[in-house]
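From first to last, the protein sequence lines stand for chains S and X. Basically our numbering = 1-based index in the first sequence + 3. Basically our numbering = 1-based index in the second sequence + 941.
Wrong hints could be hidden among the right ones.
[To be verified] Restricting the straight-line Cα-Cα distance to at most 30 angstroms, the calculated cross-link-like pairs of lysine-lysine (DSSO-like) are:
| # | chain 1 | residue 1 | chain 2 | residue 2 |
| --- | --- | --- | --- | --- |
| 1 | X | Lys1405 | S | Lys41 |
| 2 | S | Lys125 | X | Lys1405 |
| 3 | S | Lys201 | S | Lys335 |
| 4 | S | Lys41 | X | Lys1487 |
| 5 | X | Lys1405 | X | Lys979 |
| 6 | S | Lys117 | X | Lys1273 |
| 7 | S | Lys134 | X | Lys1528 |
| 8 | S | Lys35 | X | Lys1487 |
| 9 | S | Lys33 | S | Lys47 |
| 10 | S | Lys125 | X | Lys1488 |
Hints in this document: simulated from the structure, not taken from any laboratory.
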Amino acid sequence: MDAQLLITLTKVLLVIILVLVAFNLSMVFKIKSIDPFKNWNATKINAALLMVFMVLGFIFASWSSVKWAPTFTLVTDPASEHGVPLDAMFWRTMVVCILVTIITNFLLFYFSWKYQERPGQKAHFYPHNNKLELIWTLVPAVVMTLLIADGVKNWHSIMAPDDEIKENALDVEFYARQFDWTIRYGGADQELGQTHIKYIDNATANQLGFNYDDPRTHDDIVVTEVHLPVNVPVHMHIKSQDVLHSATLAHFRVKMDAVPGMPTNFWFTPTETTAARRERLGNPDFNYELSCQQICGSSHWNMRRVVVVETEEEFQAWLASQKPSYQAYKEKFENKNTPSEPAPVEAPAEEAEPANASAEDGDDRATVSTR
Amino acid sequence: MAESTSHVQDGSSTFHADLHAAHGSGHDHHHEQGFLAKYVFSQDHKVIAKQFLFTGMLSAVVGIGLSMLFRLQLAFPDTPFPILESLLGRWAPDGVIDPSFYLALVTMHGTLMVFFVLTAGLSGTFSNYLIPLQVGARDMASGFLNMLSYWAFFLSTVIMFASFFVESGPASGGWTIYPPLSALPQAMSGSGMGMTLWLTSMVFFIASGLLGGINYITTVINLRTKGMTLERLPLNIWAFFLTAILVILSFPVLLAAALLLFLDRSLGTSFYLSDIYIGGEVLHHAGGSPVLFQHLFWFLGHPEVYIVLLPALGIASEVISVNSRKPIFGYKAMVGSMIAIAVLSFIVWAHHMFVTGMNPFLGTVFMLFTLIIAVPSAIKAFNYITTLWRGNLRLTPAMLFAIGLVSFFITGGITGIILGNAALDIPMHDTYFVTAHFHLVMGSASAFGLFAGVYHWFPKMFGKMMNPRLGYIHFWFTFIGLYLVFFPQHFQGLGGVARHYYQFTAFDFMKQFVDLSKYITYAAWIGGAAQLIFFFNFFNSLFWGKKAPQNPWKANTLEWTTPINPGHGNWPGEIPTVYRWPYDYSKPGLEDDYAPQHIPDEDLRYEPGQAPPKPTPAPRREETPSETEGSDNF
Ligand code: HEM
Ligand SMILES: [Cu+2]
Ligand SMILES: [Cu+2]
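Let the hints inform the model, and build the full structure from the sequences given.
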């Protein structure tokens, strides 16, 4: 402790002494009008520095890119079907970018050094050259056209997938609010029942606003962890109840805003289970993650959900083990109005228990907002 | 054209005469003006320019300061810095920045830097200062509107600063203030009074931009001196001119967007709001669309990024040409690509909205236009580089900053072709990759334009020279600092790190970037501290600098023909006539390596043997000798 204090103090002292010495020197030089750098040629130094900057810059940029490349979640090792052509296109485009950046920056710094002011050197009067300019209009234009063609193709296949995919897709709702995600599955009928904010009722833990008059809601399953079967297309139904959010699944190259009043969609197909990826990466703690990437308020940074990709069987087993939220609702709050359910005696015992996922959800929310 | 030009000339002569009648004779008529009229409510474009500069510098200090604070949070999440508590009070309880306040810091940083520093500070300073001086006018078309423009800006700055001191804190929904977040005080405290002040401030800001823009456009069109055809305008004037057009056409749309947001907030309308449940209740708003706001905002927002960049590019053209002692390469292509950029910038806005739920077909269209805009941008970069080729480069601080600008423009702009590709934008949107892109291409490049301009025109503005050595040191720290800050943000972006995150610790794939954040923060602090060198140099030179000669850089443009400290009216005598374009540097056959615009051919000094073309007997002032064929009907 004390030794550390001493070291820090020494450092501070040293800095102060240095500053004082520099200041003193400069005063002396000023008073005696001495210029210690008189013989330094500023042009030469700056020109040389430009070259040094470029060379070191290229080295540093390459080294750091290679060093950090393993962390590039967004463009390496995609876990979805459309991620594969997308990543390929990214790297193709990146090659163009890197080439252009290196060549033009090289010329910029090289010329700045090479043609630095020298006594007797006269600049070459060269106001234009139409041919040259035509070339560097056409070349970028052609390259851009190729990139656009590539982009349009991918964009369409991602945003408007084939009907076959749409029909076979598993419907999953991603429901955003400040500051968490709720995930909903259609349940036995595989259909998402009707919800609307006007039905939201915290007293009955109806946080998604289920309209229980719609029988399709009765088997809907509400959870706080995303489960997806591998190799099955997923149709994300993205909703928000308050402000803009953005459903982002980085590993799957998925991102779409959640817009209050306007449900949005995204289709994708996961291609690797969590377990398989853990094994392949040798990282038993690996998880796919759902995040929010549209500024939405103070806990925007903390809207995390784990995404579990599993085999179809595992998924079905998991789904079957979940209790539809309607059942919990009925047991707890509707017992008197539903003659078909002869369970009024059981209810009080369960009263203290949180009602399935929705209530657990509420707990999450409380922890989040303490931040 | 020739006729109308001479008519214009008459007009400004009359103005000149008025001026003299009002102030007595001679150019030294300062003494008769009171302090207020001369320095505060001045209508002299040169004074107004300096007012913009100083106000912009103040915003820059605050804006950069804010970024230093939030960088601290990103590098050291959850680490208490007791000094923060004494500095920020309840916004940093126990020395840890509050998450809401983090967003306020980011929002105000973005707002101040984009609008107050790089729009008003850059355009306001140099358009005001240089347009009349370089086109050969005694002042702006309307000195009065010009004065109003500054005071509207001043008011807007005061209101924006005031929002720091309201109870619920300043606006915190990001500089793009997307509703519903910005519309609902229930959603975040910054959307209360702070947001109201933000919107009010922007109303004055927009008014200021429009008043200034109208003036710039009118002055360039109507008040050019005799012989100053459009083809002979310095490129920076072209840039200011096109920028002003962008301002005039796009800022009103922001005004509309802000107005509707204001109505949604205060009168319960539903332009942007629909189906919202918040704070335990269902809001009555129905039928509005948050996406509508984004369309309106980015209809301004994309032109805005060029409003910020074009003046910087214009300044770079001028500085690079002067200091290369060479004509700018491809003058017409430069003007052409600026016009193309200006036009295209109005039809690419939705590339900021690819994944907002907008119709995917729209995405296709906007991807097309967006990638087209890369072509004129590329042309400009190539032309700068070719201008350097076989030049005789004087590496003044201004020149170094201009070279740095081109480097940032390339390195930052190139990632535009990734972001502009709608498919690739799906993963990249709202990550640090975007942050890296626009801080390099817009933030850093434009800031370098501002610096280049200040170093280059300081002798004209203040009659003193800045210390070049401090300029070099400032350049190197800033150049390296900015690259070290923003280049690694590409890595964070590719790693998936989201923008506007208070800390990266909540997600496994983002956690690993906390370390990198530390290095970025160190670089940011060093780069930020280096700006002190600039401020020291600026004020030291202002008061104690070496006296400037009349034309320190041996430039061709008209501003250097005015006295060292020009008075109101700019030229004591007649306004000079222009005989050629501004880029005749190192023209073969001439003795000097420059040929000022106002010196007729027969008065230039020619190398022996390079017999001057026998001056035609025609009297010189009657018709402007045109250098380029057909320039008169340009
Ligand atoms: C080569 C030409 C360029 C293209 C194709 C391009 C494309 C894009 C695209 C598609 C985005 C949206 C990214 C996203 O949010 O996901 C973007 C963001 C941005 N660009 Fe560019 N850009 C180009 C040049 C520029 C220039 C020259 C500037 C400024 C002078 C600029 C400033 C910005 C800014 C400020 C943003 C971010 C705004 C925000 O979200 O806060 N870009 N660019
Ligand atoms: Cu969010
Ligand atoms: Cu844009």
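Checked against the structure, which of the hints given earlier come out wrong?
Structure breaks no hint.
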